[in-house]
Structure formats: C-alpha cells, structure tokens
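Could you put the whole structure together from the sequences, leaning on the hints where they help?
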Amino acid sequence: MDEFQTGEETAFVVDEVSTIIKESVEGAIGGNAYQHSRVNQWTTNVVEQSLSQLSKLGKPFKYIVTCVIMQKNGAGLQTASSCFWDNTTDGSCTVRWGNKSMYCIVSVFGLAI
Amino acid sequence: MEEFSGEEGSFNSEEASNSVKECIQSIIGEESYRQDTVNQWTAKIVEQALTLMVKQTKSYKYIVSCAVMQKSGAGLHTANSCYWDTVTDGSCTVKWENRTMYCVVSVFAVALTP
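Taken in order, these protein sequences are the chains called A and B.
Residue 6 in this note's numbering is what sits at position 6 of the first sequence, and the numbering runs on without skipping anything.
Residue 159 in this note's numbering is what sits at position 46 of the second sequence, and the numbering runs on without skipping anything.
Don't take every hint at face value.
[Claimed, not checked] Under the rule of at most 25 Å between Cα atoms (straight-line distance), these lysine to aspartate or glutamate pairs were calculated in the DMTMM-like manner:
| id | chain 1 | residue 1 | chain 2 | residue 2 |
| --- | --- | --- | --- | --- |
| 1 | B | Lys157 | A | Asp86 |
| 2 | A | Lys59 | B | Glu127 |
| 3 | B | Lys184 | B | Glu135 |
| 4 | B | Lys171 | A | Glu23 |
| 5 | A | Lys72 | B | Asp149 |
| 6 | B | Lys168 | A | Asp86 |
| 7 | A | Lys72 | A | Glu23 |
| 8 | B | Lys157 | A | Asp90 |
| 9 | A | Lys62 | B | Glu135 |
| 10 | B | Lys134 | A | Glu23 |
| 11 | B | Lys157 | B | Glu144 |
| 12 | A | Lys59 | B | Asp198 |
| 13 | A | Lys56 | B | Asp198 |
| 14 | A | Lys72 | B | Asp202 |
| 15 | A | Lys62 | B | Glu128 |
| 16 | A | Lys62 | B | Glu127 |
| 17 | A | Lys56 | B | Asp202 |
| 18 | A | Lys62 | B | Asp202 |
These are calculated hints, taken from the structure and not from any lab test.
Have a look at this one:
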C-alpha cells in the first residue's frame with residue numbers, strides 16, 4: 001500500500017478548510033433573512049461552492065460536505081456524526097454560522113485517497 | 114430488482130437505509146423530544162448505525178451524521194455534496210419523524226483503496 005507523506009500538502013488542515021467554508025456561507029447567504037422559497041437554493045449553493053473551493057486545493061482527498069439551514073424560532077436542533085476511517089490521515093471540520101433569522105451548520109469530511 | 118456489481122464493488126444503499134431506519138426506531142421510536150436527552154440520542158444513533166455499517170462490510174470508510182429537530186414549525190433544510198469516485202462510493206439518507214421530532218440520518222461510504 002502506498003504511503004503518502006503527511007506533510008502540509010497532503011494533510012487535512014482544519015483551519016484552511018474552516019476559512020473556505022466561512023467564505024462560502026457568507027457568499028451564499030450572508031445578509032439574507034430566512035425565506036422558505038429560497039432556502040433550497042441556498043443549501044445547494046453553500047455545498048457546491050465549498051466543494052469547488054476544496055477541490056481546488058488539489059490535495060489527494062475525497063470530500064463530503066453537508067449543510068443544514070434552520071429557521072430561528074426556538075426549536076431545538078441537535079446534530080452528531082461518527083466516522084470509521086483512518087485517524088492518521090482523515091479529518092473533519094464543522095462551522096456554525098448564524099444571523100438574526102437562521103442558523104447554518106456546515107460539516108466537511110476529508111478522506112485521504 | 115437490485116443489481117450487485119460484486120460484493121465489495123458498490124454500496125448497497127437500500128440495505129443501509131433499512132438498517133438505519135430500524136436503528137432510529139429502536140432508539141427514539143417511542144420518545145418525545147427532550148432537550149436534556151437529545152444529545153445522548155444522537156450519539157447513540159450515530160454509533161449504532163456506524164457499527165451496523167461496519168459489520169456489513171469492512172472495505173469502506175464510513176461517515177454517519179444525524180440531526181434531530183424538535184417539531185415547532187421552524188423550517189429545516191439539509192444538503193450534501195460529495196467529491197469522490199462515483200463508481201465505488203455511495204450514500205443514503207433516511208428521514209424519520211414522530212409526533213414531536215424529525216430525525217435525518219445520512220450515511221456516506223467511501224471505498225478503501227486496496
């Protein structure tokens with residue numbers, strides 16, 4: 001089995017990914033109030049933009065991006081995830097964002113090829 | 114009718130979906146939403162679902178994510194996108210609800226390179 005060098009170029013760097021996600025979310029829904037008719041398009045935009053920026057990093061990873069947008073009206077929301085992978089090479093990062101009318105939670109999972 | 118392209122060649126999303134539904138039902142089937150226990154429920158769901166997936170076949174890496182939301186009229190939207198090998202990798206999402214809450218579980222299976 002091939003061994004990748006776990007240097008900067010081939011590791012899952014949480015800060016770098018986190019920045020990419022924050023920018024994607026801001027770009028897609030920043031400044032908007034929750035609208036039922038548009039939220040479908042927003043979640044799609046967030047995941048597509050995030051994924052496209054991540055793939056541009058050119059690292060040997062497969063990526064999974066999930067996005068949840070919830071209207072703020074007092075309801076409780078709990079999310080959890082569990083992963084069966086290689087602890088030395090794989091990683092994840094979750095970004096929580098919110099404005100006055102909605103929450104947006106984006107998770108990225110990076111799996112080394 | 115299902116087509117199997119080899120035992121470890123593809124991810125069987127229907128079977129995974131059924132296993133996950135049973136798993137959710139057994140953990141929160143009879144429960145009402147409670148803020149103080151919901152974190153235990155989501156943790157149990159993801160752990161049990163992951164264990165079930167790994168038992169079926171070990172030649173995949175798995176990610177299981179679960180969201181439980183109280184029913185109070187708020188809108189909730191989720192989306193996933195994946196950058197992977199579309200031949201070998203796959204996912205399934207299960208949406209479940211009872212009188213007081215919604216539960217959405219997604220399973221992603223990424224093939225391990227031999």
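Check your understanding: In ascending order, which of the hints set out earlier in this document are inconsistent with the structure?
Key -> 2, 4, 9, 10, 14
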